[in-house]
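K.L.:
Each chain is listed here by its residues.
Number of protein chains: 2
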Amino acid sequence: MENTYAVIMAGGVGSRFWPASTSQSPKQLLDLTGSGKTMIAATVERLAPHIPPKRVIVVTGRITQKAVQDALPHVPKENILAEPMGRNTAPCIGWAAVHVRHRCKNGVMAVMPSDHLVANKDAFHASARLAISAAQKGSLVTFGVRPNAPETGFGYIETGDEVSLGVNQAIRFVEKPNLEKAKEYLKAGNFMWNSGMFFFTAEKILSEIEKQMPDLKAGLDKIEGALQSGNESAVLEQVFPTLPSESIDYGIMENAGGILCVPVDFGWSDLGSWAAAFELSTKDGNNNAISADAVAIDSKKCLVRAPKDKLVALVGVEDLVIVDTGTALLICKKDQDQHVKKVVETLKAKGRTDLL
Amino acid sequence: MENTYAVIMAGGVGSRFWPASTSQSPKQLLDLTGSGKTMIAATVERLAPHIPPKRVIVVTGRITQKAVQDALPHVPKENILAEPMGRNTAPCIGWAAVHVRHRCKNGVMAVMPSDHLVANKDAFHASARLAISAAQKGSLVTFGVRPNAPETGFGYIETGDEVSLGVNQAIRFVEKPNLEKAKEYLKAGNFMWNSGMFFFTAEKILSEIEKQMPDLKAGLDKIEGALQSGNESAVLEQVFPTLPSESIDYGIMENAGGILCVPVDFGWSDLGSWAAAFELSTKDGNNNAISADAVAIDSKKCLVRAPKDKLVALVGVEDLVIVDTGTALLICKKDQDQHVKKVVETLKAKGRTDLL
Numbered sequence: 001m002e003n004t005y006a007v008i009m010a011g012g013v014g015s016r017f018w019p020a021s022t023s024q025s026p027k028q029l030l031d032l033t034g035s036g037k038t039m040i041a042a043t044v045e046r047l048a049p050h051i052p053p054k055r056v057i058v059v060t061g062r063i064t065q066k067a068v069q070d071a072l073p074h075v076p077k078e079n080i081l082a083e084p085m086g087r088n089t090a091p092c093i094g095w096a097a098v099h100v101r102h103r104c105k106n107g108v109m110a111v112m113p114s115d116h117l118v119a120n121k122d123a124f125h126a127s128a129r130l131a132i133s134a135a136q137k138g139s140l141v142t143f144g145v146r147p148n149a150p151e152t153g154f155g156y157i158e159t160g161d162e163v164s165l166g167v168n169q170a171i172r173f174v175e176k177p178n179l180e181k182a183k184e185y186l187k188a189g190n191f192m193w194n195s196g197m198f199f200f201t202a203e204k205i206l207s208e209i210e211k212q213m214p215d216l217k218a219g220l221d222k223i224e225g226a227l228q229s230g231n232e233s234a235v236l237e238q239v240f241p242t243l244p245s246e247s248i249d250y251g252i253m254e255n256a257g258g259i260l261c262v263p264v265d266f267g268w269s270d271l272g273s274w275a276a277a278f279e280l281s282t283k284d285g286n287n288n289a290i291s292a293d294a295v296a297i298d299s300k301k302c303l304v305r306a307p308k309d310k311l312v313a314l315v316g317v318e319d320l321v322i323v324d325t326g327t328a329l330l331i332c333k334k335d336q337d338q339h340v341k342k343v344v345e346t347l348k349a350k351g352r353t354d355l356l
Numbered sequence: 001m002e003n004t005y006a007v008i009m010a011g012g013v014g015s016r017f018w019p020a021s022t023s024q025s026p027k028q029l030l031d032l033t034g035s036g037k038t039m040i041a042a043t044v045e046r047l048a049p050h051i052p053p054k055r056v057i058v059v060t061g062r063i064t065q066k067a068v069q070d071a072l073p074h075v076p077k078e079n080i081l082a083e084p085m086g087r088n089t090a091p092c093i094g095w096a097a098v099h100v101r102h103r104c105k106n107g108v109m110a111v112m113p114s115d116h117l118v119a120n121k122d123a124f125h126a127s128a129r130l131a132i133s134a135a136q137k138g139s140l141v142t143f144g145v146r147p148n149a150p151e152t153g154f155g156y157i158e159t160g161d162e163v164s165l166g167v168n169q170a171i172r173f174v175e176k177p178n179l180e181k182a183k184e185y186l187k188a189g190n191f192m193w194n195s196g197m198f199f200f201t202a203e204k205i206l207s208e209i210e211k212q213m214p215d216l217k218a219g220l221d222k223i224e225g226a227l228q229s230g231n232e233s234a235v236l237e238q239v240f241p242t243l244p245s246e247s248i249d250y251g252i253m254e255n256a257g258g259i260l261c262v263p264v265d266f267g268w269s270d271l272g273s274w275a276a277a278f279e280l281s282t283k284d285g286n287n288n289a290i291s292a293d294a295v296a297i298d299s300k301k302c303l304v305r306a307p308k309d310k311l312v313a314l315v316g317v318e319d320l321v322i323v324d325t326g327t328a329l330l331i332c333k334k335d336q337d338q339h340v341k342k343v344v345e346t347l348k349a350k351g352r353t354d355l356l
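Protein chains in written order, with the numbering used here: chain A, 1 to 356; chain B, 1 to 356.
Please note that the accuracy of each hint is not assured.
Stated by the list, open to error - Result set (DSBU-like, lysine-lysine): computed pairs, CA atoms no more than 30 Å apart in a straight line:
#1 B:Lys-348 to A:Lys-283
#2 A:Lys-333 to B:Lys-283
#3 B:Lys-301 to A:Lys-333
#4 A:Lys-301 to A:Lys-333
No lab work stands behind these hints, which were simulated from the structure alone.
Bound conformation, chain A alone:
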């Protein structure tokens, strides 16, 4: 796996984790489950046995570049690429592919988000080996998470025949279903969650981009030329804003032929809400997950995040998410956490960008 590079996408904000997540301190830079590590550091650490930090490339935004460097002291600074602006995942992955190919002509990319969780690392590595091996042979490969519930929050991948042990054909990508459809998919057994983790050679994805998104390829070519002549940053500044803002799923994957899918089952979570963070956090005897100095009287099933020097007292409450950042305080019923986005929208409308 000497020619395998990890490409970690770290451009998002995660407004569902407000007030902990802000533009300055996005989800991937938080420790949402009280593990003691930021999510991005956990992602890099998980890869380390097979992909060492020097072959980890991180794509993030300028506002978070310094914080990402600080969170990943073992990743060389030149591996942390800062986009002049967010243009969705297709330009992000395309730019990373240019960098991988620049370093290694036949380099393989293991593309993954910076803010997901994996419970079983050994199972993750076993699946990654299968996917990398298939990618090395020139395929576009995706992880498909075997569903354990009729989730309506994810897209699905319909899989077909097994082409080799543990590797199936991907028949099609489907959008987030309604509950009825999701139940059908779960029952059918060959529909997997689209986890946003992909494997391919830099060469392969760039040739797919050339086929399906020629405008993007033209821009990437300019950047590649500048990279080779040591002039990348000036050209990036001019070219990046002109790249089409598109997702890799919609722009490439959904219409590419011959995609392979490795069905995986390694305790994956995209940690999409405060309630999910509660489920995956360590609990005390009253089933509270509290990362603060606290006194809890007759209180249970609460998630509490507060500064270390703050005393939080709970009296007679349950199923609450309580997040105190010093400048903002959220008190949210756990099963209403999808509405945290409404708070963010309200603050945006009020011009309170200082809090976002």
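Could you slot chain B onto chain A? The hints should help.
P.N.:
Positioned in the frame of chain A, the structure of chain B alone reads:
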């Protein structure tokens, strides 16, 4: 009423209002209902039409002396008496009586707590006139609040015949009853809540103290002598700690003869809990009482107190008390607010006096 002095007792802490109330910032120095004034300032302001600030004497503790002075800029500093330590209400009132008699031989004292609320000021003054008039004739007089519920949190005064218009005999003081007894009292109609507001001449209360608490009288005599010779503070330091720690109810009132009671009905509240503070606070359209910059989504019947520069977001919650002081945060189900004391006890046991 030129010879009437108000004696405002401001020695308490009010642990039921933690974390807002602490030894440095006790209940009477807070604005618990969002009125814009501290409770003690509201108490002095309420009296002002009949008892001007120069005839207001406040008894408080040393730790809060400066804060009380700041809260009452119109009360002369020499009127704010600081006890070397709390010794309950009998020594407090006795010491104030010494000061009133020193200023005015036949001075009448209107004794009241600093942390109660009165909704109807006109009715309050009408009742006070009756009580002061009876006190001037040499009686011990008490306000008895006409109950509107079978409260078990107050002591009661059983009243007898009316001796003059609006003034009744007080037959006996009874301890806090159980619910059954409280219902009987409410039904009987002649049982009033003991509000802790008393009226008597300094002469009269000092002679009652002499009869019933001679040790206290002996100590007060020493302080009185020192006051006359301009040496009070040194003597106070020695004598005050030796005074018996006793309440005026138990030490004097319960066994004194000929007490009169003025039944009152002026919208009194001792504001004994966060839930009571919520009831008496101004609410917004969702029946929330919020003194902070806030965003409330699907939330109602919450009391929120936070620093002015903090943004508080509520999502899907109701009937909560949320108090953020910067150093501590309380989240309490409103009907469980009696257990806030348990938090205070727990912090005491942990040695966290910095938070109390």
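K.L.:
Report the numbers of all earlier hints that the structure fails to satisfy, in ascending order.
P.N.:
The structure conflicts with no hint, since it agrees with every one listed earlier.
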